[in-house]
Every structure is written in structure tokens, then in C-alpha cells.
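Trainee: These are the residues of each chain, in order.
Number of protein chains: 4
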Amino acid sequence: MDYVNAPGRNHLFVPGPVNIPESVLRAMNRNNEDYRSPAIPAMTKALLEDVKKIFKTTSGTPFMIPTTGTGAWESALTNTLSPGDRIVSFLIGQFSLLWIDQQQRLKFNVDVVESDWGCGADLEVLESKLAADSSHTIKAICIVHNETATGVTNDLSKVRKLLDDYRHPALLLVDGVSSICALDFRMDEWGVDVALTGSQKALSLPTGMGIVCASPKALEATKTAKSVRVFFDWSDYLKFYKMGTYWPYTPSIQLLYGLRAALDLLFEEGLDNVIERHNRLGNATRLAVEAWGLKNCTQKEEWFSNTVTAVVVPPYIDGAEIVKRAWKRYNMSLGLGLNKVAGKVFRIGHLGNLNELQLLGCLAGVEMILKDVGYPVKLGSGVAAASAYLQNNIPLIPSRI
Amino acid sequence: MDYVNAPGRNHLFVPGPVNIPESVLRAMNRNNEDYRSPAIPAMTKALLEDVKKIFKTTSGTPFMIPTTGTGAWESALTNTLSPGDRIVSFLIGQFSLLWIDQQQRLKFNVDVVESDWGCGADLEVLESKLAADSSHTIKAICIVHNETATGVTNDLSKVRKLLDDYRHPALLLVDGVSSICALDFRMDEWGVDVALTGSQKALSLPTGMGIVCASPKALEATKTAKSVRVFFDWSDYLKFYKMGTYWPYTPSIQLLYGLRAALDLLFEEGLDNVIERHNRLGNATRLAVEAWGLKNCTQKEEWFSNTVTAVVVPPYIDGAEIVKRAWKRYNMSLGLGLNKVAGKVFRIGHLGNLNELQLLGCLAGVEMILKDVGYPVKLGSGVAAASAYLQNNIPLIPSRI
Amino acid sequence: MDYVNAPGRNHLFVPGPVNIPESVLRAMNRNNEDYRSPAIPAMTKALLEDVKKIFKTTSGTPFMIPTTGTGAWESALTNTLSPGDRIVSFLIGQFSLLWIDQQQRLKFNVDVVESDWGCGADLEVLESKLAADSSHTIKAICIVHNETATGVTNDLSKVRKLLDDYRHPALLLVDGVSSICALDFRMDEWGVDVALTGSQKALSLPTGMGIVCASPKALEATKTAKSVRVFFDWSDYLKFYKMGTYWPYTPSIQLLYGLRAALDLLFEEGLDNVIERHNRLGNATRLAVEAWGLKNCTQKEEWFSNTVTAVVVPPYIDGAEIVKRAWKRYNMSLGLGLNKVAGKVFRIGHLGNLNELQLLGCLAGVEMILKDVGYPVKLGSGVAAASAYLQNNIPLIPSRI
Amino acid sequence: MDYVNAPGRNHLFVPGPVNIPESVLRAMNRNNEDYRSPAIPAMTKALLEDVKKIFKTTSGTPFMIPTTGTGAWESALTNTLSPGDRIVSFLIGQFSLLWIDQQQRLKFNVDVVESDWGCGADLEVLESKLAADSSHTIKAICIVHNETATGVTNDLSKVRKLLDDYRHPALLLVDGVSSICALDFRMDEWGVDVALTGSQKALSLPTGMGIVCASPKALEATKTAKSVRVFFDWSDYLKFYKMGTYWPYTPSIQLLYGLRAALDLLFEEGLDNVIERHNRLGNATRLAVEAWGLKNCTQKEEWFSNTVTAVVVPPYIDGAEIVKRAWKRYNMSLGLGLNKVAGKVFRIGHLGNLNELQLLGCLAGVEMILKDVGYPVKLGSGVAAASAYLQNNIPLIPSRI
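Protein chains in written order, with full-length UniProt numbering: chain A, 1 to 401; chain B, 1 to 401; chain C, 1 to 401; chain D, 1 to 401.
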């Protein structure tokens, strides 16, 4: 079982699943419990209230579904739309591609807006489509907030502005899998109708809980949405919410306690401080990449992602070889380039419960690997660039002042 | 969070989620890992091979889906059937009712065969339907092996025999949620086409993994099954099985290691010994119920369940009050009566990683509760009856001889 | 490593080490920490304050030593006495015997007062010795509060009364290993000078922390005590207490967090309720023993122990065989008879974080074992007797009302 | 309890207690067990056999004592020596000083050989003492293999050679607390009579087990050693070894399972590879220190320690301030300078289950802290120097090739 042992900690820098804090591991280290005892509904009620905070919503209704991000996607689509509905969906990388694939297989009429991988959603095309859609045939806009494959963050406030400018009633469905709890996300302010994330991303939990949050407008849409759904049907949850027992089927007791501990950590640090920490980690990583003389897959600064950086390697190097060596020699897990950028990039995930010295260890490792594979990096250069920035920007730890 | 503390261990006797063995808790007490590292596919491959053993199949193809039993049901149905397909489904209690509800919402043409709650599936009705169906309009038979709400176990070999007798090609879909790993189950021998279970039942894991196993005939059926499916689509798994990376989306690393540990325990004990142990626990419970002068909700011996016993209370007692007192006074979790038998029964779950002295502690507790609520039980009577049987039947622990 | 696997929970009914509550296991499930960081002294300070409560002292000074009960004994003796000092020590069972052996090897002049095993300390002999000792040659009285080998609890208030009656200045050193946190213990009220316990007993922690509490008079005695001591020397602790760093050498971080969790549980339940719970468990056990027609090793009711019951077996039965069968057939751990009572008794430990249904499971198991080994027990009889008492006496769980 | 929370992992670089590997944490995450069941002696027997390997002895007898390093010291001394015995003891830093303090308080006649802090044991003085001691008044040589306070490793083979050259029968007692399992240590080859270590050092366990290993000559010496001892008396262990029950008093079940897991990890990596890994970590650290323009407290290369580096800070900087900032700003734990070198050095522990990228994260952190406190370090310089060396020297991970 543990046949891949290596000395010391694994350096986990894939953009999910991410490192689980010790206090969360502790909270989950427990026997099963009867989910019909009074303890679980009481805890669930508080969790549902608190989980809204990570979406920055007061009017939304959250669902904590025993599934992954893929299931959360399906839940968002099938509860609000009907087969044949026209939806505009942005293809900017592997995860938006997979969501589009799902949309098509769920029989929606998907209007794909493609960008080069490394670019953000093409909002000019969106604008032209909205302008041309006075009859409101577009039922939803589907957008990935942060494309994990390329490290591209879209500006959701601009999408909302376009919808508002054209007074377009389309639903705004957002994949926040690699953004929520790490990047600035404002469900109510940006008029997001369905937002979703997965437990194994910035929440720093194990995989297994897809958290979906629906606006009142999204809940209204469920009444006419004809997509077939049972496991992912919000109405079952709502029925049990009303009864006060909360769960239409068995939840993972361990993930509930884990979520409680994870939220406690996030709130203790302060959600804005968490976002600022991710900003620091993102900046530091990009400074290192620049110092190495390498390019960020992300084409423009406005799209830079603070949760994952896809680093473009020179043509004579295979990105997959970097990931392989990280694993085989340095006990480090980096992300592969996927699909169109396979081999062309490797990815550094910098999200979740992570601090600056952990990142600097990773960057030092990447430097050695680059040298291993024949790239003429100056060892220490990336760490130096990142450190120079971090040394000026890391705050004192509030609990230790 | 732990505001319901009570001294000592919680006595968990709901029919799921069940007690997790310490070695399984240990195996799951770990950080996340990159599921694309070589470690996870290697482990997954071995798990898929070993998981077949709990279904007693060599020809089946298993899928370990990040979902619950409800999701596993949906996976079984949508991968093999098309909307409008006629299916025969047995209604014998709350869980078969919920499955039928799902079948109807998934737009199948459900031919419901109802029995009194406490009785097994009405196979005479099935026979007449099969006899009448020379044109093979019935596409599938859906049956719950063990109805958790009433403690009724159906004889699947008889269902198979009827299908064979009438040379009927209908698929046989079986909910084995509260049976597999506890009751005798033989996928290949009984010609089961899809069998499924959930991790939190006899496997003694946390909730979060639905395990579905498909026969070659079921896999063949996927090619023509028109039900819309993405998250639950087996074809995505099969694609990744072929590639050797195994996971179309992120699995719970912790549940994989937990499953490894759970299977190791089951195989060490021996699956037949596990089944025999559940037989002992079931017999002992039934002897206690008899000694108390109470009735088993299960109407005939042939349907007695070895994983859960629903005990009928006298009309002047509310079954829910028994469950409430168990929790409030004895730190014990019993199962409520559901729907038609709400208040009329309480349930003792006796499945999973459980031994005889744990059960006797539970039975002693039930006796005190019965007295608490005004039933004239003779304290010690149930324990005495159960002990007399157990003392003759408990084997030595092989690892300690 | 786990080659003695058996299905279900081990039923741990030795009188220590005892069952660890899940919340304590969780608290200890953590990496090492720098014990010189500000976190550990802050926690230690609070622990030292709280630990006094389990001794019921406000004037005592506690020491949490990385050792076992045997080390705690040595610490109590060497810090307060000089070689050659006359001490009166009561021999009433194996653990008092071992302490006396230690006292002799530490070169004290031990005046042994022996009782039959099963009887308490002979206070009449003590009285005569005190009466005869007008010159105060007796420097200390050493007494085991609860003799774990025979299940005998001594009345410490009587010892104090005798010392007071004779205005005798001897120190009163008390082994509270199997009593503190389970039996009524009042350090200040009873004028105990040194009291001690071990973490693996009623505190329900792993082994590894010996907790010793010294009265002001005991601390004063250290100034003249000439016994050689370094590791066990309280003065090193006192020096670090004064500096505010608390630890002269490295403590177990895990045990500190575990102790915090254990104390939290005890205080939440209420120390008096904990003692009353042990009283219930003791009474229930004794009623079962009586119902079986067996004798308690403890000769008089005034000495009955609420933490352990030594059950006398008929001459034709070997007590060790009962313990062996418990382990080999029922996954239960009982205590052996030791030394003089080897083979003649087996012991049921009923201390620590334990509830009534756990005990009833144990008693049901003992009944089957008795039958296994040829004793004509009426199955269910002990459980019935215990249940009849418990059903009248178990309170509602406060957190669940 | 967790009031000092900070995002991400704590970077633990004190020279003990050190990071515990996850597999060891898992192994210890368990309930108590009856240490008199057949399981524990069987495990203990194997552990005693395996523990000899970390001392590189086949003739030694190990004792696993529930204590710390300080207790292990006391055990080594009191079992082999008598009060008044002349012993030669080297004072080279805070930990050798503390041992000498213990030796004096245990009433030995300690012949202290002092060196400047930062230097190794003065073997010339030893030679002159041996030369002058034809009557063999010296009963033992006490030496700390690796002085944790200054990062100085003594060459034990030279001590042995001197004893052999002078045919001197003095016992050789070695504190291997911060060396064994990390530095080359050869009990049999070097004729060490008592060697000892603590669980929380290179074994990477929690604190609580002092492991002492005695040569046949040391065991022989116990027969005449008159030092008073009970808790630390090896003869009690030997008595229980002979009986096959192994434990004179209750061991920590959790530490036994933890030790099993820790040894398994060490043996899987290979003890020589472990030592070589520490050599890499030591070299890398020293190269960084040099690149920063700072001095190693260790005066000569022959004494360089591969488990801890004490870094001398310029006079205008307080070493304690560096440690404080590491904790308050970077979630890193470094070691303080102690006693004579307080404020003058800070220490980087690099022992135990640790890998290169973890160390580089630490070094990057130290650079930022140095800048924080006003030292004109070139950020990245130390990491660059260390990386240049490591990139050439890190082997592939055998389990992943």
C-alpha cells in the first residue's frame, strides 16, 4: 500500500487535491455516527449558514452534495436548464472543455466561445452574442472562474456587467472549483446564479463534497427546468431542509466535521487574508518563473491566476518529464500539462492551506529539476526573486503577535 | 462541535453508517495525494480486482463512484436502460420505495409489485408477468436484496430461476446496499447484471463511495441505453481503465486507502466467515426479540435478515421514543421505523465490523429501554436467549489460536 | 503487526490501560512541536492549574513527569525522604507489594503492615505504631488508595484522622493510580502530602505521563530529603516553572494535548458525576458477581472498589483460563490474578471513559466464558441483576436532554 | 488549545523533537491495549531484535524505557557505576553540561574535560589521563556523540582507540541522542558499552521512549554497580525478558506501534542511505551558511554535525530574535542558542524524517529572517549554494524508479 515511500513530507503542489491541515485531519479522524441523531442536523444547519460566507452570499441556498466537482457541474446544469436550452460556454482550457463536453452530453445547445489556451474568456464575443439575442434565446452563461489547466482567472464582474448592460436574463453559472476560498469571489455582488466548488480544492479537505450555491433566481429556474435529475436534484435537499433533518441520503460524517474545522480555520485567518495570502503566493511564483527566463502560459496579466501557474517550457523540454522527475527524485507532486498544452507546460498549484516557505521549497525544487532536464537555469534565481517580494509582504501571524 | 458528548463509546446500531474498524480509520488518516502519481493507479488496479470478490464475480466490471447508494442506484439504471423502458420493481419497504421513486423520476415505465411491509418480493406476481411477457417488453427486474427498513432479505436465486425458466432476457438489477459483504451474495452464479453497495454499510467505511458492478450483459446494454448520464456514465471510467489512469475525475484518496484496509480485514477473516458471523448476530438478535415477547417485523423466517432486525412494538408504545431514549440515556443509536412502519417498529442494525459482545451490550440496553417506556420485559431475558445460542456457536478467533 | 485481528472492537476491561475516548485520540493525532515555542508553556500553565482539580487541591504543586506509575512512586519517595528513613507501608496486594519492593531497594527502613489479600490496610496496626512513636521516627505513611490487584479501596480519611489524633507529623504518600479521576479523592481535605496517578488509568490516556502532586509540607520536605534523584527531582521542574518555560526536558507534545482533551471531557461531565458513574459501574459489576454465585475477592463492603472487581473462581477453575478464553474467543481483555491470587481470581476493570452498555457487554461475555470453563452459571443472570440496578440509576446524558 | 494557528505546515527545524512521518502517526492512532495479551510480547520481542540494528550491535541488550533522554542518561549511569566512581566526562556544550550535572548529582567523581563551545571533546587530555591512570581509577568515559547545542560530532572511534592503546578497562558510555539513526554509529565496532537515544530525535517519534543499549561488559558491571536505582534498573527488564512478558511496568502501546512503523521506514530506506541523506542535509546547510557569509559555531570540519548546525550571528544581531521572527512571521521553528552561546547562535536542526526540499524551504526562510533583522544577506544565495550541491547529489527514490 505504501510502496512509494520516500523520506520526508511529500511536497504536494498539484492544483488539487491540496494539503489538508492537521486540525482538519484530526476532526475527520472519527467513527461513523447516526446521521439521524440530533447532532448532525444541528451541525449541518450551522454549516449551511457558514458555507454561504465562502461564496459571499446572503441570499443563496447552498447544497453540500456527496460528489466531486464533475457532479457539482451536473447539479448546476440539470437543476436550472432543460434539454435543448441554448447556453453560451467558454472554452479556454481542459476543465472548461470537460464542462462543455458534459453540457453537450446533457443535451443542451452549447454555443462554444473558444479562446487560445492561456487566454481568458472572450467577452467581446459574448457581448456580440448578447447584443444579437434580443429574444433571449440564451438561457445561461457557463464560465469557469479559474481555468485550472492554464492558470487563467476570468473577471466575472465584467460578465455581469455585460448581462446587465444588455438587460439579459440569462443565468450565470460559475465553476469556482479552483477559485472559491482562494480568489476574490462575490456571488451576490456579481449576480452569480449558481456557483460551485469541490472540497479538495481551496477548502483543503479530502475529495467527496461538491458544494453548490444557488441564487433565488436559480431556485426559481428549477421549477421549469426539465432536465432529468434525481441524485443531483436540489428539491430533495430543500424538502429535507424544511423538515429540519437536512439529508435526503447519507452524508459523510467525517467530511461534515472536516468542513467545520476547515471553515473555522478560514474564518480565523479571515477570508480576505486568505485571498491576500493566495495573491502573495501567486505573485511569488510568477516572479520566480520570470527569473528563470520562462513564460507563464497565461497570456495577459489581467488573467494571472493566484491558485495555479502553468509554466511554459522550451520546445526541447518535455513538461511531463519535469513532473516525473519531481516525483521520482524530489518527492514533489507537480501538475502535468493537459490536452493542447500537454508536454508544453507543467503546473504549480499554490492553493489551499499553504504558506510561503512551503512554496519556496517547491520553487527551489523546480529549479533543480529544470537543471536536471537541461534547462540552463541559474539555481537560486527564482527563490531569490520570490523571496525579495515575500520578505516585504508577509504579515506577522496574528495569533502569534 | 462535540456538544453531544457522553461518557464511553457510542453504541452504533443503526443499519448504516456502521462502525469503522480502527485499522481502517488509521489507513484513512492521511493527507491528500496527487491521484495522477503512479501510486494511485497501481492501488486502484488492485482494488478493482479485489472488489470483484465481494460480489463473487469474475466476469463483472466494478466502478467505484464518489457517491452514495442513491447515486449508485442512478448509475445502475441510467447506464443500462432508456427512458420509457418497462421495468418490474418490487415495493417492500422504504428503500425499495425510494428506488422506485427514482426509477419513475428517471422516466422509466415502472411496473410496481407491492408486498406488505415485512414481506419479501412477491415472486408469484413476477412469474405471472414473465409468463405474460413473451414479447420481452420487460427490460429489467429491479430488486432490493435486503430491505433495510423492514429487515427482509429476498432470495435472489429464485428470481434468477424464474428468468431462466421463462428464458427471459430482462436485466437483473440488485440493490445490495445492506447485504453485500454481510449476506451471501453471488453475482455470477445468480446472473445478477448490476449489483451495487455503499461504503458505509457492511464494508464499514465512511460514506462516500458507491460501488457498482456490471455484468458483461449490462456493459453491452450501455451501448443502446439512451438515458442521459455524465457523472454516472460508466463509459468515462472504461476509457480511463483502458488508459491505465483509472479515474475520470478526482477520487477520495482517503477512501481508497480505507477500502484497501477494509478489504484486507474482510479477506483475512474470510468472506464466508464474515457471512457466518452476520448469521450468528442475526440469530442472536431474533432470539432476544422472541424472549422479550416481541415480534419481528419480518413476516416469515425465509426473509429474516442477518443485517438488520425491525422489532415491532406494542401499540401503546412509540418506536421513536425507544430510539430517542437510546440516544439520550444510553449513548446508543438505534434505527427509527420509517414511513408505513414509523412508530410501529424500531430497528437494530447488526452489520459490519461488529462482534457478539458488542451486540449483547446493545441487547442489554434495549431491554432497559423497553422497561423505561413501559413494556413489561424481563430484564436479562433477551441477553440470556442470545447468549445461550452464541456460547455454543462463536468460533475461536483464528489469529489467536 | 496486526496479526491478532478480530472482528469488531476489542472489549478492554483490564484495570488499565483503559479505553481512550475518540476526542482524546484526535487531540493526540499530531506532529511534534517545538516545546520551547510560546504555545507549549501557555498550554502547560493551564494544564498545571487544571490538573490540581483532579486531586481536589488548591495548595498542591503538580508535576507531569514523562514516566509511568512506577516512576511516579519513585518521584514521590525520593523527593521527600532520605535513605534509612522509617516508613510505614501497607501490603495488601501485588501493587502495594511492588511499591514496598521499590521502597526497600531505595534503602528506606520499611515497616510493612500486611493484610490478607482482599482486605484493606490494617489501620489498627497503624494506630498502635503511631501510638508507640512519640519520638516521630516514622517519617511517612505509604498507602495505595485502591489496590488494583484485589479491588480494595482504602479509606484515606481514616488514615488522616489517626495521624491527626496522634498529632503525628509523618508525611502521607498516596498511590492514587487506579483511583484518581474515578474514586472520591480529596488531597487537601485528607491532608495527603504526595498523591500520584498515571495517564493510562482513569484519565483514559496512553501510558507515559506520571502525575504527582505535592503538598506544601511535601515540598518543604524536599529540602532535607537526601535520596539521590535527578530525573525525578522536583527541583528541576520548580526551576523551570519559575522561569515560565516549565519543562526541564522534552515533554510529549501529544500527551499534553491529550491531557487537555481528557480534562475537558472530565470537567464537562463533572468530576462528581464521573465518580458517581464509577460507583454505578462498580455496583452493577458486584451485583452480577453475586448473581453468578461467585465471590468478590474484596472481603468487606467498606473496601469495595469502583474501578476494579477481582472475582474469585471456584477451586476447580483456573482464573487464567478465563482471561485466555476472553481473548481467544470473545475479543475481550480481562485482568489476570497476580501473585498470591494468581489463578484464584480474574479481574474486571471498570474505570475510565466507559459506559454502562459497554460494561453489560462485558458481563454478558463473562457469563459465556464461565460456562465455557465449566462453571454452572445461569446465562443472563448477571446481566439481569446489573440491568435492574442500572435501569433505575442511569441519568440522562446532560448534553442530550 | 490551537490558539497559535497559522496557515500551512509548521516548518519544524529544531534539533528535536522532529517531524513525525505520516505512517508513524497512523500507526500510533489507536486505542490502548492490554499489554499482557499475547500480542504485545510478540511485538516487543521483534522490536528488541530490530532496535539493535540502529545501534549496529549484535551483542548488545536494548532497553526501551518510558522516559526521555535525561532518564536514559540516568539509566546508563546508575546501572553501571557506583557513587564515588571516577568518570571522565567531556564538557563541550549545554547537553554535555547537563549530563555532567546529572553525573555530579548522582555522586560520581566527575573528571570534567572542558573544550571551547564549538570544539569537540579534547582527546589529548583524555590520552594524558589514561596514560596516568595505570591503576584504572577511571571507571567510565562519558561522551556525547553529537552535542546538540553547538553542532559538534565527536569521533568515537578515536576514543575507543585510546582506550585500546592504553588497554584501559573503563566503560565507554555514549549519549547518541542526536546521532543514532542519523549519523554513523557502530556500537560493537567502537566498543561502546552503553549507548542511548530518545524517540523524538532521529527515530522521528513523539517523546516518551528512551532507548538504552548495553554491551555484555556493561551488563556485567551492573552486578557490582551500587548506585541506587529502581525505575531505571535494567535487572527488572531482564527478569521480564526471561519470562517472555518483557515489561516490568506498563509501556506505551502507541509508542510500540509507532516504533515498529519508524523502524520499518528506516529499514526500507536503508540505514546507510539514511546516514547519507543526513550527510547531504548537513552539507547543504553548511554551504548555505557559508554563502550567507556567516560562520558555523563548529570550529573544525572534522566536528561538523550532520544533524544540527549552529549558525553564529554577527554581534549586532540577537540570535533569539531570529528564532522569534521565524515563529511569528514564517511559521518556522528554529533552535535557540543555549547558555554560553545564547544570543550568539541560532540552530537549524536537520535530522529525522526530512527531505531536501523541506530543508531548502527552511533555508529560504532563514535568508528572509536574516534580512528582517538587518543582516545584509543576498536573498537566494544560500539556497543557490545548497541547491547546486544537492542537484548533483540527490539520488532517485528507490521505490519510485
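Mixed in with the good hints there might be a few duds.
One copy or two, either will do: identical chains are not told apart, so a pair holds if it fits within one copy or between any two.
Claimed, not checked - Cross-link-like lysine-lysine pairs, in silico, DSS-like; alpha carbons within 30 Å at most:
| id | residue 1 | residue 2 |
| --- | --- | --- |
| 1 | K242 | K340 |
| 2 | K328 | K371 |
| 3 | K344 | K242 |
| 4 | K378 | K107 |
| 5 | K226 | K295 |
| 6 | K344 | K161 |
| 7 | K328 | K340 |
| 8 | K161 | K129 |
| 9 | K300 | K217 |
| 10 | K52 | K158 |
| 11 | K107 | K226 |
| 12 | K295 | K378 |
| 13 | K328 | K45 |
| 14 | K217 | K328 |
| 15 | K45 | K239 |
Don't read these hints as lab results, they were simulated from the structure.
Trainee: If a hint holds in the structure, say so; if it does not, say that too.
Mentor: For each hint, the structure was consulted:
1. K242 - K340: between (47 Å within a copy, 21 Å between copies)
2. K328 - K371: Cα proximity of K328 and K371: one copy only (15 Å, versus 34 Å across).
3. K344 - K242: between (51 Å within a copy, 24 Å between copies)
4. K378 - K107: neither (52 Å within a copy, 59 Å between copies)
5. K226 - K295: Neither. Shortest intra-copy (46 Å) and inter-copy (46 Å) distances fail the 30 Å Cα cut-off.
6. K344 - K161: neither (35 Å within a copy, 58 Å between copies)
7. K328 - K340: within (25 Å within a copy, 44 Å between copies)
8. K161 - K129: within (14 Å within a copy, 60 Å between copies)
9. K300 - K217: neither (33 Å within a copy, 52 Å between copies)
10. K52 - K158: within (22 Å within a copy, 51 Å between copies)
11. K107 - K226: Classified as both; 11 Å inside a copy, 12 Å across copies.
12. K295 - K378: Answer is both: 16 Å inside a copy and 25 Å across each meet the 30 Å cutoff.
13. K328 - K45: Only across copies: K328 and K45 sit 21 Å apart there, 45 Å inside one copy, limit 30 Å.
14. K217 - K328: neither (50 Å within a copy, 42 Å between copies)
15. K45 - K239: Classified as within: same-chain Cα gap 14 Å, cross-chain 40 Å, threshold 30 Å.
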